[in-house]
Structure formats: structure tokens, C-alpha cells
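Colleague: So the protein sequences, as listed, match chains L and F. Residues in the first sequence are numbered from 1 upward in steps of one, following my numbering. Residues in the second sequence are numbered from 1 upward in steps of one, following my numbering.
In short, the hints are calculated from the structure, not lab data. Hints may be right or wrong, so weigh each one.
Below, computed lysine-lysine pairings styled on BS3-like, alpha-carbon distance capped at 25 Å [to be verified]:
hint, chain 1, residue 1, chain 2, residue 2
1, F, 534, F, 455
2, F, 455, L, 16
3, F, 31, L, 16
Quick partial rundown of chain L residues pointing at chain F, CB under 7 Å, derived from the structure [as the list claims (entries may be wrong)]:
hint, residue
4, 26
5, 37
6, 162
Glycine included, C-beta positions come from ideal geometry on N, C-alpha and C.
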Amino acid sequence: MNMAQEVEYTGRVHPKKFSLWLLLLGILMLFSGLTSAYIVRKGDGNWYDFELPTLFLYSTIIVLVSSITMLYAYRSAKKDELGGVKIGLILTILLGLGFGYTQYLGWVELSDNGLHFVNPKYGDRVSASFLIAIAAIHLAHIIGGIIYLSVILGKTFNLQVHKKNTLQISMCNTYWHFVGLLWVYLYLFLYFAPDF
Amino acid sequence: MSTAVAHAHTDDHHHHEESFISKYIFSMDHKMISKQFLITGIIMGLIGMGMSIAFRLQLAYPDTSFPILEWLFGSKWAPDGKLDAGYYMALVTMHGTIMVFYVLTAGLSGTFANLLLPLQIGARDMASPFMNMLSYWFFFLSSVVLLSSLFVETGPASGGWTIYPPLSALPKAMPGSGMGMTLWLVAIILFIASSLLGGINYISTVLNMRTKGMSMTRLPLTVWALFLTAVLGLLSFPVLLGGGLLLMFDRGFGTSFYLSDIYLGSAGALEHTGGSPVLFQHLFWFLGHPEVYIIIMPALGITSEIIAVNSRKPIFGYTAMVISLLGIAFLSFIVWGHHMFITGMNPLLGAVFLVTTLIIAVPSAVKTFNYLATLWRGNIRFTNAMMFAIGLVSFFISGGLTGIFLGNATLDIQLHDTYFVVGHFHIVMGCAAIFGMLAGIYHWFPKMFGRLMNKPLGYIHFWLTFASAYLVFFPMHFIGLAGVPRRYYAFTLLPEYGQWADVNVLMTLAAILGGIAQLVFIYNFFSSIFIGKKSTENPWEANTLEWTTPVERIHGNWPGAIPTVYRWAYDYSNPAYDEDFKMQNVPDESHVVELFETNTGTAPSTKDKPETETVSFFTLIRNWFKPRTV
Chain L
1 MNMAQEVEYT
11 GRVHPKKFSL
21 WLLLLGILML
31 FSGLTSAYIV
41 RKGDGNWYDF
51 ELPTLFLYST
61 IIVLVSSITM
71 LYAYRSAKKD
81 ELGGVKIGLI
91 LTILLGLGFG
101 YTQYLGWVEL
111 SDNGLHFVNP
121 KYGDRVSASF
131 LIAIAAIHLA
141 HIIGGIIYLS
151 VILGKTFNLQ
161 VHKKNTLQIS
171 MCNTYWHFVG
181 LLWVYLYLFL
191 YFAPDF
Chain F
1 MSTAVAHAHT
11 DDHHHHEESF
21 ISKYIFSMDH
31 KMISKQFLIT
41 GIIMGLIGMG
51 MSIAFRLQLA
61 YPDTSFPILE
71 WLFGSKWAPD
81 GKLDAGYYMA
91 LVTMHGTIMV
101 FYVLTAGLSG
111 TFANLLLPLQ
121 IGARDMASPF
131 MNMLSYWFFF
141 LSSVVLLSSL
151 FVETGPASGG
161 WTIYPPLSAL
171 PKAMPGSGMG
181 MTLWLVAIIL
191 FIASSLLGGI
201 NYISTVLNMR
211 TKGMSMTRLP
221 LTVWALFLTA
231 VLGLLSFPVL
241 LGGGLLLMFD
251 RGFGTSFYLS
261 DIYLGSAGAL
271 EHTGGSPVLF
281 QHLFWFLGHP
291 EVYIIIMPAL
301 GITSEIIAVN
311 SRKPIFGYTA
321 MVISLLGIAF
331 LSFIVWGHHM
341 FITGMNPLLG
351 AVFLVTTLII
361 AVPSAVKTFN
371 YLATLWRGNI
381 RFTNAMMFAI
391 GLVSFFISGG
401 LTGIFLGNAT
411 LDIQLHDTYF
421 VVGHFHIVMG
431 CAAIFGMLAG
441 IYHWFPKMFG
451 RLMNKPLGYI
461 HFWLTFASAY
471 LVFFPMHFIG
481 LAGVPRRYYA
491 FTLLPEYGQW
501 ADVNVLMTLA
511 AILGGIAQLV
521 FIYNFFSSIF
531 IGKKSTENPW
541 EANTLEWTTP
551 VERIHGNWPG
561 AIPTVYRWAY
571 DYSNPAYDED
581 FKMQNVPDES
591 HVVELFETNT
601 GTAPSTKDKP
611 ETETVSFFTL
621 IRNWFKPRTV
């Protein structure tokens, strides 16, 4: 019997891709825990409500646009258009960096308004600590995504990403959309949180 | 599906030769990784048990000097052979951490999920052998970091394994809050990484790698238990990670997520304000309670398998067993508040947690009665594994009953900070899970090492451990009911507890006896690896697929094709067959005829068409539960 032909898994999705979905579920639980903590602490009172920095809106727009460029890269890979893959990935990486920069500027804006990560003597401003902690932990996931994108870009230059080998870029695509949508959720959560 | 092609496991095994490092150290073979988890778990277990004997000596003989303690811990932590009070708390903290996470989570789940999942579902290895290897090495690194905290100047973490702030959040609060606490947090973050890498792999393997015919409804109960354990870990550990990160921000950057209005003797009034230490308790116990089931569920799964095999009977109520596991897994997420009754919460919320907690008694009782019904009128074979499995049932009942006491908020407020709680959780979660783990080791030792463990030594190990465990933990309930508080270094200044001094001596002597019993096990375990009686392929006449693999334990598990599954795992003593067991890969005669007819009959219907690779998530879920008959 030719064992090399034996199918090693029975699911309809590649186990690696499925494992990625599970990892994303774990990340979702991490942020569920953090946003729940935000709600519980806010419920205790002594909480300073404030408006989100305008730059966070730009972050949201940037991350949504980066999803489109990522999709462009992925679709190009499926069509074997390597030029499109490279352009799509490079644009996504640049937009990812732009996202990080606008986040940083947003924190500076908060700081200018007297809302720091560490707010000694001002108990109600722990709200700012929560916001910055949640955004920073999310940014760590975006940085992970940028590293992932860079690896895929390197593989594209080595001709390892093409029509018949789309698993890696497809997983990267899934991850990037996830962290993007996660930010949209966090933005909406933090935007509407003062009204809870 | 090009990547679905097997990793060339041909009949003549023309593998590349593996080096010592790739075979024994950075191995990607699930069987070797399971041994690595087991042996690391055993070493950690011995360290944790040794610590418990040290602090039990202190509790029984608070005025006596033990030079061995000074020899072990040095004159700083045990001057004149008597434990330092702060170090006593550190030993209790480290004992709890080691036993809960390193022995009963990684040691138990890591060992048996790695060994059994691929073998029992019919897979050559895990979904990602590389991630599996990483999972072990993160665990190993985490163990090293945790143990290294024993050697830092200010000593290891000493605020309890639950690391409640403010003691854990203020590095200057006490010696154990310093570097030891930092190392504890780093170790646990590495542990969470290990647990997530392992858990994701286990879930992915069970859902995607089952052999032909192995539907979810034919899975052995061990697989169900290990699978659901991984799901619990995946959903709960990230929440602890979030809580731990905020704690690290408080420690490192000076934020106030958990700190407010603190006055430190050494530093005066602190500037931290606005934080809530109760918030940490919520985040911690959102993991902490599922963690209890992460510990006990693999042991319950192992017991289900061993009791069925050695009673020579089908497991009673397979479906009820699966549903009760699902019920326990679900309920475990909505009961965490019962650890916080004395923290204080809205009475309505307390009542909700009380009700959900007591509901857990229902699936737990279903499992217990099903064990007893499986044993009832079976042709019981009292193997070592069977003895430990029955021992688990005993502990699960006696520890579970006291859980009903503690689930009631009004009773818990009286009992929570007493030895009653210590007795309860050691019996239901400590002893029961350890007995499940030991049962599994005795049962699957032949699959791991190709030899059998010594049976008489196994009996000595069982009876000494069983008796000593009850002698240590059962009296704790009574002293707890009498109000003796936990976490006290000595009771010499509290004369009202003097009457319990002799009981403390009894418990300590029993603990030492239990420790000696484990030495018997250690000798038996390691000597049997080399001089144990050689095992046959299926020494226990069991039905599951792991017993169809050769004794030699080859890479890829089966030399030829992966076996196809035709039946559930519990066809024991079926009057329709001559033998008293029918392995999962043996077809029914009627089945063979049916297959023959299919092959020569009509063309396959459109339903049998392979589906395209792109399917919806819901189709995927449906496919998992569709009977995959051949």
C-alpha cells in the first residue's frame, strides 16, 4: 500500500488553519476578560469618563483599509499574481505601522489632557489606565501580525507563496482581519463605554 | 489537499535516523513528549510533596528542631532546624502552585493527552508536532523559572497560590512579594503559553485527525475528557493572562488596577488609589474554577476507561457520561463566585453562584453512579490501575459531599478560612486527580515503555497511599468544623486549639507514610522501565486503538495503514460474541457483507460526494458529529 497517499486528517479544514481559529478564540477570551474587568471596575464608581482621542478614529479607518489591502494580497496569491501579493503585503505592513503610530499619538493626546497610564493620587483616572492597557495589549497583537506579514512577504520573494501554496498567506489573512475587527470591537466598546 | 499527504510512513520505515537530541530531547513524537511531561510532572510532584512534609512537620511539632530542615533550606529559612514563619507561607504557596499547575494540569493532561489522543483516535501524531514540542519546552522552562525562585535572596512567592493583591502587587509588601513573586508571574505566563499551545493542538487533533469510522459518538471517554479539558483551558487561561498582565503593570509601572489606599509599614501611605483587589479575584477565579475541572476531568476520563476494561463490562451510560462531562465543562464557567463568598458580593449574585454550584452535583452524581453501575456484577480484575480507579471514585464521593457543604454561602462563610476547605479540596481534587493519574500510569505503562509494572509493589503503593491520604485529609474536616483556621504557622499561642495538637501529629505521620509510599512507586516506575516483565501488545484485553499498535512504539504509531473503526470502545462481554472483548477495529460480519454489497452494487449517491475544501463553519460542525461509518 502506498502510504504516501493516505489522508492524514479527516476534517475539511487544514489542522493548522483550524489551530489558528482556536488561537483567535483564546485571544478573544483575553480581550473579553479585559473588557469585562473594565465594566466591573466602572461599576464600582469613582470613575472618570472621557472622550476617546480623535486619532483612534484614524486608527480604525487605517486598520479597516489594511484589511482591504490584505485581501488584495491574498486574492492575488490565489490568482498567482506575485506582483499583486508583494504590493498588497507591503501596503498592509505600512498601514499596520501607521496604525501603531496613530495609537501612539492618541496616547500622547491623552497624556496632554492629564490622562496617563499611571495616575497617582487620582483614583478615578484608572479609566485611562484601562484604556491604554487594553489598547497596548491589542497593539502587541498588531505587532505580531506585522512580523507575520513580513515573514510571508519574505516567502513571497522566495517564490514560496503561489496559487498552489496559499495556506500560509490564507492564515495570515485570517489573523490580520481578526486583529483588525478586534480593534473595531474595542473602539466601539470604549467609545460607547461612558454611556453604559 | 496536497498538504494532507502523509509524512511518508511506509511499511519498510525508511525514516531518516534520528539523533539522540531529536529523539529524546527536542522530540516531536507525541509518545516521547508524553513521557517528558510525565517525568517532569513526577519530579515536580516529589518536590511539591517534600514541601508539604516540611510544613506538616512544623504544624505537628512547632517547638521541635529538625536539623534536616536546616540542611535542606539553609540557616536563613530554617534557623536551628525550625522553619521561618515567612518561609512556611512560601512553602505552602509553592506547594499549591506546583501541585495545581505543574503536576495535576501539565503532568496529568500533558502526559495523557499526548499519549492517548493520537493513539485512541487513530492518528499518526498531533495536528502540529512542532507546537507540541514547544508546549513541552515552555512547560519545562516555566518549571525551571518557578524552581529558581527558591534560590533568590528574598525567597519565593509567599502570598498563596491565588496571588491575591495587594501582597502580590507591591514588591515591597513582604520578602515573598519581591523577586520571588516576579519569577512566579513569569513562570505562570510561560505555563499559560505551554497550556495554550498544547490545548489548541489537542482540540485540533480530536476534531480533525480521527481515523475512518471514529465518529464523535465512538470516542473513548478518555478522549472526550481530555478534549473538553483542553477547551476549558483555551477559554479560561487567557483570562488569567489578562489579569496577570494588569498585575504586572501594577508591579512594574506603578498603575493602580488592583491597589487602593494602602499603608505600608516600611513606606508609609502609598499613592496607589482607585484600584480594586476584588477585580483580580474575579479574573483569577474565572480561570481558577475551570482549573479545578481541568485537573479532575482527565482523571475521570481515565477512570471511565479503566473501570470498563477491568470490569469487563461496557461503561454504564456512555451518552450520560459524555453529557455530564459537557455539563460540568459548561457549569464550571458560571460558578467562580463560590470562591469569593467571604470576599463579599451582592447577596443576589451570591445566591446565583450558590445555585449554579449546587447544580454541578447533578452531572458529578451521574458520573459516580455510572461508575458504580459499571462495577456492579462485573468480572472485576483488580489490577493496580483498577485499584487506583476505584480509589478515585471513593475520593470523588467523599470530597464531593463536602463540596455541597461549601457551595452553600451561609455555611461557607463559617468554613471558608478553616481546615474544612483544605480537607475538601485535597480529597476531591488533589487525591482524586492523583489517583486518576496513578491509575493511568499503571494502565498505560506498557504502552509507554513496553513493559509491565510490578504488581505486588503496586498493591503496597495503593494501600499505603489510600490509607495515608484519608488519614491526612479526613481529620481536617473535623478540626475545620471546630474552627481551626488555615494558613497559620503555629497554634501555640492559641490555647483553644491545643486539643487538636495530637490530630496534627497524626496527620503529619500519615503524610510521611504517604511520602514513603511514593518512594515505592518511584522505585517501581523506574526499575520497571528496565527490568519489568515484557508486555504483550494488548495486556489488559482492552478495545481501544492504542492496543493495536506494536509494543516497540514506532514513529507514526502503526507500521501499516491506520486502522478503521467499526464500533464503540466498550464492547465487553457482549453475549453476541465468543470473546469477552471486541476491539474497535474489528468489523462485524454483517458490516463486511454490507461493504461487499456496496462495492458491487449501485453507484454512490450524490450524498457520498466528497465536499469541496471550502465549507461553511456550520457544515464543519455538522460533519464532526455525523456518524462516520465505513
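Colleague: Evaluate each hint against the coordinates.
Modeller: Each hint tested on the structure:
Taking the CA atoms of residue 534 of chain F and residue 455 of chain F, the gap is near 13 Å; set against the 25 Å cutoff, the hint holds. Only pairs whose Cα atoms come within 25 Å are accepted, and residue 455 of chain F paired with residue 16 of chain L is rejected, the gap being roughly 42 Å. Taking the CA atoms of residue 31 of chain F and residue 16 of chain L, the gap is near 20 Å; set against the 25 Å cutoff, the hint holds. Nearest Cβ of chain F to the Cβ of residue 26 of chain L: about 5 Å, under the 7 Å cut. The hint holds.
Nearest Cβ of chain F to the Cβ of residue 37 of chain L: about 6 Å, under the 7 Å cut. The hint holds. The criterion of a C-beta within 7 Å of any C-beta in chain F is not met by residue 162 of chain L, whose closest approach is roughly 12 Å, and the hint is violated.
The structure is inconsistent with the numbered hints 2 and 6, although it conforms to all the rest.
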